[in-house]
Every structure is written in C-alpha cells, then in structure tokens.
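Trainee: Here is how the chains run, residue by residue.
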Amino acid sequence: MNPDAIRVSGLSKKFTFPVKESSSNWIRNLLFPQTREITAVDAISFAVKPGERVAFIGPNGAGKSTTIKMLTGILFPTLGEIKVLELDPAKDRKKLAYKIGTVFGQRSQLLPNLPLTDSLEFFGVMYDLPNRDIRNRIRELTDLFQLHAFVDQPVRKLSLGQRMRAEVAAALMHKPEIIFLDEPTIGLDVVAKKSLRDLLLTINKEESTTIFLTSHDVGDIESLCTRTIVINHGKIIKDLPTRELARTFVYEKYIDLIPEKSFEHFPDLPEGIRYLTQNKNKITVVVDNNTIGLQESLKKLLDLFEVEDIDVYSADLEAVIRHIYEKVPHERTPTRK
Amino acid sequence: MISVIREIRFAWYATIKNIQSSAELRASFLMNVVGMAINNTSFTLLWILFTQSVGNINGWAPKDIVGLVGFGTLCFGLVFSIGDGIRKLPEYVSSGSFDRFMLSPKNLLLRIATSSFNASTLGDVVFGIICLTLYGFLTDASGLQIALMFLLIIFTTLTFLGVAIAANSLSFLFVDARAVVEGTFDLFLTTSLFHGGAFQGFLRFFFILIIPALLVGTLPVEILKELSWIKLILTGALSMGWFILSIKIFEKGVRKYESANFITFGV
Chain P
3 MNPDAIRVSG LSKKFTFPVK ESSSNWIRNL LFPQTREITA VDAISFAVKP
53 GERVAFIGPN GAGKSTTIKM LTGILFPTLG EIKVLELDPA KDRKKLAYKI
103 GTVFGQRSQL LPNLPLTDSL EFFGVMYDLP NRDIRNRIRE LTDLFQLHAF
153 VDQPVRKLSL GQRMRAEVAA ALMHKPEIIF LDEPTIGLDV VAKKSLRDLL
203 LTINKEESTT IFLTSHDVGD IESLCTRTIV INHGKIIKDL PTRELARTFV
253 YEKYIDLIPE KSFEHFPDLP EGIRYLTQNK NKITVVVDNN TIGLQESLKK
303 LLDLFEVEDI DVYSADLEAV IRHIYEKVPH ERTPTRK
Chain U
11 MISVIREIRF AWYATIKNIQ SSAELRASFL MNVVGMAINN TSFTLLWILF
61 TQSVGNINGW APKDIVGLVG FGTLCFGLVF SIGDGIRKLP EYVSSGSFDR
111 FMLSPKNLLL RIATSSFNAS TLGDVVFGII CLTLYGFLTD ASGLQIALMF
161 LLIIFTTLTF LGVAIAANSL SFLFVDARAV VEGTFDLFLT TSLFHGGAFQ
211 GFLRFFFILI IPALLVGTLP VEILKELSWI KLILTGALSM GWFILSIKIF
261 EKGVRKYESA NFITFGV
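Chains as they are written, first to last, in the working numbering: chain P, 3 to 339; chain U, 11 to 277.
Please note that the accuracy of each hint is not assured.
Some chain U residues close to chain P (C-beta under 8 Å, calculated; not the full set) [stated by the list, open to error]:
1. Arg16
2. Asn49
3. Ser52
4. Phe53
5. Trp57
6. Ser107
7. Met112
8. Leu113
9. Arg188
10. Lys262
11. Arg265
12. Ser269
Since the hints were made in silico from the structure, they are not lab data. All C-beta atoms, glycine included, are put in the ideal place defined by N, C-alpha and C.
Use the sequences and the hints to build the structure in full.
Mentor: This is the structure:
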C-alpha cells in the first residue's frame with residue numbers, strides 16, 4: 003500500500019508580534035513593546051493520498067497559506083508533525099524540494115529580464131537535470147502548456163495568464179510528485195483560468211501528480227478538486243468530497259415567488275425567512291432551515307402572497323462557501339433538515 | 011563531494027544568468043560599472059591629497075592608502091558582485107520573497123547570495139585589482155609579499171562576506187530591518203576604508219575585535235609592510251571566525267523567518 007503523500011497530525015503555528023499599548027507613551031512602546039501571540043494554525047490533522055486533488059479553502063487569515071508554507075518547509079511548525087512524501091519539511095527541506103513543485107499566484111519564481119526558456123532551463127539546472135533531459139522537458143512542457151508563442155519573450159513582457167502558465171510549467175520541470183498551488187488563478191480572466199485548470203487536470207492524470215491547492219475561486223475547487231478541506235480560524239472545520247460540500251452545508255433554501263398579476267405589498271416575513279430580492283414581478287426569499295422548516299415556510303408564504311408559480315432551490319457552491327466563511331466555528335454548526 | 015560540485019555548478023550557473031539578466035539592460039549596466047570606477051577614483055584621490063597635506067600619520071604614507079583602498083574595493087566588489095543577493099536579504103525577508111529560496115533544493119545561503127548580480131561592483135573589482143597592482147609597484151613588492159597579498163585577499167573577502175551575512179541576517183530579528191542593517195554595515199564599511207594610521211589604542215582594539223573593519227584594509231597593508239606573522243595569523247583566524255559565526259547567525263535567523271504575503275517578482 004502506498005504511504006500517504008501528505009500526513010499532518012496536531013500541526014500548530016503561533017506567531018508573536020509587538021502591539022501598541024495605548025496607555026503607555028511612545029518611548030515605552032518603542033523600547034519595551036507588549037507582544038501578542040496569535041495561533042494561525044491550531045492543531046490540525048489530515049492526510050492526502052498520492053494522486054489526490056485537494057482544495058484547502060478558507061477565508062482570508064484562516065491559516066491556508068501558513069499551512070502550505072509549513073508543508074513545503076518555508077515555515078517551521080510550533081507544534082505537531084508533518085510528513086510530506088515521508089520527509090519532514092523542517093528537517094529535509096532540500097531533499098523535499100526535489101520532489102515537490104510550488105506555485106504562488108502572487109509571487110513569481112521566473113527570471114524577469116530573460117526569455118521564458120531561460121527560466122525553464124534555470125529550474126532544470128537547479129534540480130540537477132542532465133542537459134538532454136532539460137531540453138526534452140522544456141519541449142514537452144512547451145507543447146503541453148502551449149508556450150510556443152511567447153517562450154522566447156522576456157518574462158516581464160508576458161501577460162498575467164501567460165505568466166501563470168509559465169509558472170506552473172517551471173514548477174513541473176523536475177516532474178514533482180506533489181504540486182502545491184497557492185491562489186494559482188488569482189487575477190486571471192475566465193479563459194486563462196479554464197486553460198490552467200485543464201492543464202493541471204492533465205498533469206494529474208498523465209503524471210499522477212498530487213494537487214494541493216488553495217483558492218478563493220469556486221471554479222478551481224469545483225472543476226479541479228475531488229476533495230475539499232475547509233479551514234477557519236486555524237482549525238479544520240470540514241474535510242469531505244467536494245460534491246458533498248454543498249449538500250452538507252445547505253441549511254438555507256431559496257424560494258422564488260412569481261405573482262399571479264404583480265406584487266403590490268411586501269409584508270414583514272415570519273422569523274427565519276428574509277427577502278433577498280423584492281420587486282413587482284418576482285420575490286426571492288431565503289429560508290433558514292435551522293429556524294423554520296421548508297413545509298411551514300411555504301405555508302406561511304402562501305398565506306402572505308398570491309402566487310402563480312414557486313421555485314425552491316438550494317444555494318450554489320459559491321454561496322455555500324460564503325456561508326462557511328461567515329461562520330465562526332463552535333458558534334453554530336450547520337445542520338441539514 | 012558530488013553535492014558540493016552540484017552546489018558550485020548551480021551557483022556558477024545562477025551567476026552567469028544574473029549577469030546575462032543585468033546585461034539585458036545594457037545602458038544601465040555600463041553606466042553602473044563606469045560610475046563606480048569614477049566614484050572610487052575620486053575617493054582615493056581625496057585620501058591621497060589629504061595624506062600629502064598632513065604628512066605621514068603613524069607611519070602611513072599616501073601609497074599605503076592605495077593598498078588600503080585596493081583591498082577594500084576588491085573584497086567589496088568580489089562579495090557584492092557574485093553575492094549581491096546578501097545585500098537584498100532584508101528586502102527578501104520583509105516582502106516574503108525569501109519563500110522561494112526556501113523552496114530551492116540548493117544550499118540556502120549560496121542560493122540567496124547568487125540570486126542577484128550588481129553590475130556596479132564590477133567597477134570595484136577592476137579598481138581594486140588596479141590599486142593593488144599599483145601598490146605592488148609603489149612598494150617594490152617581493153615574491154613573498156605578492157603571495158601574501160593573494161592570501162590576504164582571501165582573508166579580507168572572508169571577513170567582508172562574514173560581516174555582510176551577519177549584518178543582513180539582522181533582518182530576521184526586526185520587522186523592517188533595512189535601516190538597522192544599513193547602519194550596522196555602513197559603520198563597518200566606512201571604517202574599513204578610513205585612513206589606517208588613525209586607529210590606535212582602544213579604537214584599534216574595538217575595530218579589530220568587535221567590529222572587524224581593520225581586518226579589511228588596515229591590517230593587510232600593515233602585514234605587507236611589516237611582514238608580521240602574528241598579525242597574519244590574527245587576521246586569518248578572525249576572518250575564519252567571523253565567517254563561521256555569520257553562518258551560524260544566518261541559520262538561527264532562518265528559524266525565525268515568518269514569511270509575508272506581499273506581491274513579488276523574479277528569482
């Protein structure tokens with residue numbers, strides 16, 4: 003049996019930083035600052051199998067990037083254990099680097115003033131590939147990522163979409179077993195996003211590369227990842243197949259009401275139901291299933307409005323994720339009704 | 011052994027790529043090289059004129075200033091041409107672009123050092139070589155003195171490298187350490203190019219053992235003049251000590267690195 007590609011247990015990361023004490027004068031604040039400790043990642047545990055495609059999602063400041071940085075050896079954990087391809091990133095950083103690839107959407111790894119082909123060659127030499135293998139791999143990636151049109155251009159002159167394709171290609175020069183992607187589609191247009199996602203799927207299929215991705219883009223999660231781990235306030239709040247994400251978190255239903263003629267009045271709604279849109283030709287309400295059941299809410303709405311048609315539907319994945327992000331863990335756990 | 015060869019091969023390759031990258035911006039490249047040579051020439055002329063007007067100070071003649079500036083500019087040029095990345099460490103740390111070096115399968119310090127090339131420092135290298143050659147002629151250097159000069163270039167470069175690494179590693183300890191690093195390093199650099207005859211007593215002790223500025227130019231010139239083996243051993247031991255200490259400081263600093271999420275570009 004293959005060992006896990008990534009295995010994390012009880013992983014925590016704490017940061018300390020100086021804070022300004024309003025009751026103290028500036029000299030005291032400068033020389034003897036108070037410090038505050040924050041727990042960016044709080045005792046998380048999970049495992050990823052080889053070849054899996056995992057989305058690691060959460061709102062800003064949830065601990066996604068900190069986790070990815072610990073998995074890749076950039077940051078040292080405060081507590082807990084990490085094994086990536088059976089290596090400890092904090093101790094075997096160099097060894098691990100030969101086996102993983104990384105793409106940070108906000109951070110380029112390419113040589114800005116030289117042609118893209120030089121950057122790819124640079125990565126090949128950095129990973130100690132023989133010259134012939136470097137040439138072959140550049141040719142292979144140029145074909146796969148369709149880099150022909152701009153492979154000879156200086157990197158600083160590439161469009162954002164072209165550059166991101168190039169970044170991923172560079173990260174794959176040494177055929178890594180895992181690729182970590184932190185916001186890879188940030189700032190890309192829809193065509194560039196789709197192209198990048200298709201390429202990552204191809205790499206996952208053809209080279210069995212494990213994909214570990216953080217993104218705020220629902221499209222990345224839906225189309226790329228079979229599994230989603232949700233993190234918030236440093237804790238994992240859900241770890242489940244992506245297709246079950248919406249089903250598990252749906253505690254709200256949307257109801258469209260179409261009038262017989264037109265709506266003239268918009269009365270106050272019962273507790274647990276609120277207006278999303280209200281106009282003469284259509285009302286959309288949101289029903290909180292934790293407060294009021296669907297059947298009861300339909301009865302009450304039909305008492306209030308004369309309608310010709312009703313449409314009941316669940317939130318799409320984007321709305322589901324928005325709800326997850328808005329929730330504070332421990333405060334309220336979504337339940338299905 | 012194989013891994014050492016691979017490290018050196020990649021460091022050399024990275025340097026060549028950095029030179030190519032700088033040379034892409036040709037006008038700026040040439041301006042930098044020529045500009046630095048002019049800057050050094052005027053600096054040296056000022057010191058020579060000063061020494062001629064006040065006469066010898068503690069046995070230091072105008073020709074010794076040529077040797078002092080030669081050692082200083084040559085080791086400055088050698089360290090910050092190939093290893094200009096060391097000077098960028100505060101920027102890398104504060105912006106979070108240090109992350110990409112942590113992801114490299116190569117020696118971290120070597121990778122950072124060879125991440126940038128500064129064209130203007132080529133002017134320093136050329137100027138330093140000219141000054142030391144001239145100093146050799148002016149002092150009618152013997153074969154032993156010429157051999158010592160090569161050894162001292164290694165020692166001074168090691169000291170310079172060590173102090174540069176140690177000073178720039180302060181950036182791991184402070185949030186925005188650029189001013190602290192520049193201030194600390196400038197104290198060392200300015201003193202190392204100062205008239206060697208000016209340091210006596212406590213000042214001499216301080217700028218040899220605490221801030222090793224006199225190891226860069228003053229002691230090497232004195233060693234060549236006096237053929238002092240004690241000073242040679244002291245210079246060699248301190249330069250090795252500073253180099254080893256700086257690597258330890260750097261490694262400790264890396265453990266404190268906290269990354270950042272600013273948008274950055276380039277290797």
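Trainee: Taking 8 Å as the limit, does the beta-carbon of U:Arg16 come near enough to a beta-carbon in chain P?
Mentor: Check passed: Cβ of U:Arg16 comes within 6 Å of chain P, closer than 8 Å.
Trainee: Hey, does the U:Leu113 contact hint survive, CB to chain P under 8 Å?
Mentor: Constraint on U:Leu113 satisfied, holds at 5 Å.
Trainee: Hint U:Ser52 vs chain P: min CB-CB distance below 8 Å?
Mentor: 31 Å, violated
Trainee: Holds or violated: is there a CB of chain P closer than 8 Å to the CB of U:Arg188?
Mentor: 17 Å, violated
Trainee: Does the CB of U:Ser269 sit less than 8 Å away from some CB of chain P?
Mentor: Cβ of U:Ser269 sits 6 Å from chain P, so the hint holds.
Trainee: Can U:Arg265 be said to touch chain P, with a Cβ gap under 8 Å?
Mentor: Hint holds; U:Arg265 Cβ to chain P Cβ min 6 Å, cut 8 Å.
Trainee: May I ask you to test the interface hint for U:Phe53 with respect to chain P, counting a Cβ-Cβ separation under 8 Å as satisfied?
Mentor: 30 Å, violated
Trainee: With a cut-off of 8 Å on the beta carbons, see whether U:Asn49 makes it to chain P.
Mentor: 25 Å, violated
Trainee: Taking the least C-beta to C-beta distance, is U:Ser107 closer than 8 Å to chain P?
Mentor: 7 Å, holds
Trainee: Using 8 Å as the Cβ threshold, decide whether U:Met112 counts as touching chain P.
Mentor: 4 Å, holds
Trainee: Once the shortest beta carbon distance from U:Lys262 to chain P is found, is it less than 8 Å?
Mentor: For U:Lys262, the interface hint is violated, since the closest Cβ of chain P sits about 12 Å away, which is over 8 Å.
Trainee: Answer holds if the nearest beta-carbon of chain P is closer than 8 Å to that of U:Trp57; otherwise answer violated.
Mentor: For U:Trp57, the interface hint is violated, since the closest Cβ of chain P sits about 37 Å away, which is over 8 Å.
Checked against the numbered hints given earlier, this structure breaks hints 2, 3, 4, 5, 9 and 10; the rest are met.
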